[in-house]
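So the sequences go chain by chain: A and B. Number 286 marks the last residue of the first sequence (our numbering); no jumps. Number 1286 marks the last residue of the second sequence (our numbering); no jumps.
Simulated from the structure, these hints should not be mistaken for lab results. Here a beta-carbon is modelled for each residue, glycine too, at the ideal position from N, C-alpha and C. Any given hint could be a false lead.
Claimed, not checked - Pair by pair, the computed Cβ-Cβ distance ranges are:
| hint | chain 1 | residue 1 | chain 2 | residue 2 | range |
| --- | --- | --- | --- | --- | --- |
| 1 | A | 53 | B | 1281 | 19 to 27 Å |
| 2 | A | 12 | B | 1010 | 24 to 32 Å |
| 3 | A | 12 | B | 1232 | 33 to 41 Å |
| 4 | B | 1025 | A | 3 | 24 to 32 Å |
| 5 | B | 1099 | A | 12 | 48 to 56 Å |
| 6 | A | 6 | B | 1182 | 53 to 61 Å |
| 7 | B | 1258 | A | 243 | 52 to 60 Å |
2 protein chains.
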Amino acid sequence: MPPRPMVIGDPAAMREAVVTARAAGRRVGFVPTMGNLHAGHASLVARAAGDCADVAVSIFVNPTQFGPGEDFDRYPRTLAADLAVLEPLGVRWVFAPEPTAVYPPGHATRVVVEGPADGFEGAIRPGHFAGVATVVCRLLLAVPADVAYFGTKDWQQTLVIRRMVCDLGLPVEIVVCPTVREADGLAMSSRNAYLAAAERPRAAALFAGLERAEAAWRSGAALPAVEAALREPLEAAGLAIDYATVVDAESLGPVRAAAPAVALVAARLGTTRLIDNFPLPPRGSG
Amino acid sequence: MPPRPMVIGDPAAMREAVVTARAAGRRVGFVPTMGNLHAGHASLVARAAGDCADVAVSIFVNPTQFGPGEDFDRYPRTLAADLAVLEPLGVRWVFAPEPTAVYPPGHATRVVVEGPADGFEGAIRPGHFAGVATVVCRLLLAVPADVAYFGTKDWQQTLVIRRMVCDLGLPVEIVVCPTVREADGLAMSSRNAYLAAAERPRAAALFAGLERAEAAWRSGAALPAVEAALREPLEAAGLAIDYATVVDAESLGPVRAAAPAVALVAARLGTTRLIDNFPLPPRGSG
């Protein structure tokens, strides 16, 4: 077994540990999380451990990325279980700051991203991506790693973070790793735990829609037919669709010929909101 | 004579130079400027050179901190003269990036500070402090110095920058240095060059008002009398006052007993806008 991870709450101490390791020539990887770790997080950590000499994982349920009426209060906090998940994965540091260490008294600074943050999650969850960008900027300064790992499941988030890192010149490489799925295709998410037993099978409709959309896309179907294929299983399963569309993979604007695209879906099932996506390869025309 | 400063345009090269120097144990100081250097800038650079083994000075006229109709186009660009000012001061690097190096194509990220950025310059120049905070954040990431130097003349700006550095956890010490003045008390500023010959003597009214306000403050006068003393020379000289007030030095809210205060003034003289301030010591009551 590797040594147990060191749990650090103080951002300055965290930063010092990473700076010292890098000064000694060790490549450092960072996986930011909100805890309640599942196999998706574990895959990011395993990738980081494969690439890097030292891995830091942050666990912080960030209040500023939740809107009024969202699930901040009920979001699962499971630190002991999370540490047990991380222990065999060779994590050196777990950064688990108190909220006041991330947002000091009188905090008044936000990092606001437009462009990729407009529309979709940005439109449905006002302020969400400003909360994400602010906390990721702050975390990347506390954990100044060589490389940080994010999951494909939050596609738009990865675009927002890449944009911010480029625009501010944060000295970190961003690696985006594949979505990890349950046996029926449901993307791993802490929010899956909110699903009632009777709802759980219906949640696979997101994956089913994405698979159908991908097949239609690869067959050369016109965009309306691709999007109809995406929506059909969601409607059949009775999910309330927030959006289900195919857009340019980088701009999230209209599909462009010979450019990568992405099928994006967000839908509600009871009180649970689920998102998922499939990256789609370039093709001759939308 | 010290060696001539190395002029660097590429943020990654700039960063690498600073990181390498610090890894060799050299303390690095940074003075961000918009160029058109005067004795105020020189005093910051001299302080940095006294404190640090290596000094970086940035010269970048930041478009995002100018509002529509402000003086971005006419702001003086004098790089050759600026290099001549810096050469005898022992500056190692001059960071003079192109706008596209600071704001890459598709740029969509702003650092927005509330709190100390509200009111005064923030109210009169909407978006100004977001432009300042964004560019200073970006510059501090390109020039990751031990310490950065700012002038007291832009009092509110120093509060905004301190707030941002604290909130994001930027790993830099902020040092604020005294305002440098002309013989008649006018605070050094690149914008003084806009003053017509007939206007120039009248510009000393800001300093005269601040001196009177300070005397009234120290004598124990009530706040309305202190502010009247501040305004009187400005009105006598026919300046258009944007604000002339005494506030808490940190919050810019109402003066608090036994807490540092600041006299803040902004006034227009023809097409030139001037700002100045005097920090005031704590006293028993406002």
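To see whether the hints hold, each was checked on the structure:
1. In this structure the supplied range 19 to 27 Å is violated for residue 53 (chain A) paired with residue 1281 (chain B), their Cβ-Cβ distance being about 52 Å.
2. Distance hint check for residue 12 (chain A) and residue 1010 (chain B): the Cβ-Cβ separation is about 30 Å, which falls inside the suggested range of 24 to 32 Å.
3. For the pair residue 12 (chain A) and residue 1232 (chain B), the supplied restraint of 33 to 41 Å is violated, since their beta-carbon distance comes to about 48 Å.
4. About 30 Å separates the C-beta atoms of residue 1025 (chain B) and residue 3 (chain A), a value consistent with the hinted range of 24 to 32 Å.
5. Our hint of 48 to 56 Å for residue 1099 (chain B) and residue 12 (chain A) is violated, since their Cβ atoms are close to 34 Å apart.
6. For the pair residue 6 (chain A) and residue 1182 (chain B), the supplied restraint of 53 to 61 Å holds, since their beta-carbon distance comes to about 56 Å.
7. The supplied range of 52 to 60 Å is met by residue 1258 (chain B) and residue 243 (chain A), whose beta-carbon atoms lie about 56 Å from each other.
Violation of the numbered hints given earlier is confined to hints 1, 3 and 5; the remaining hints are satisfied by the structure.
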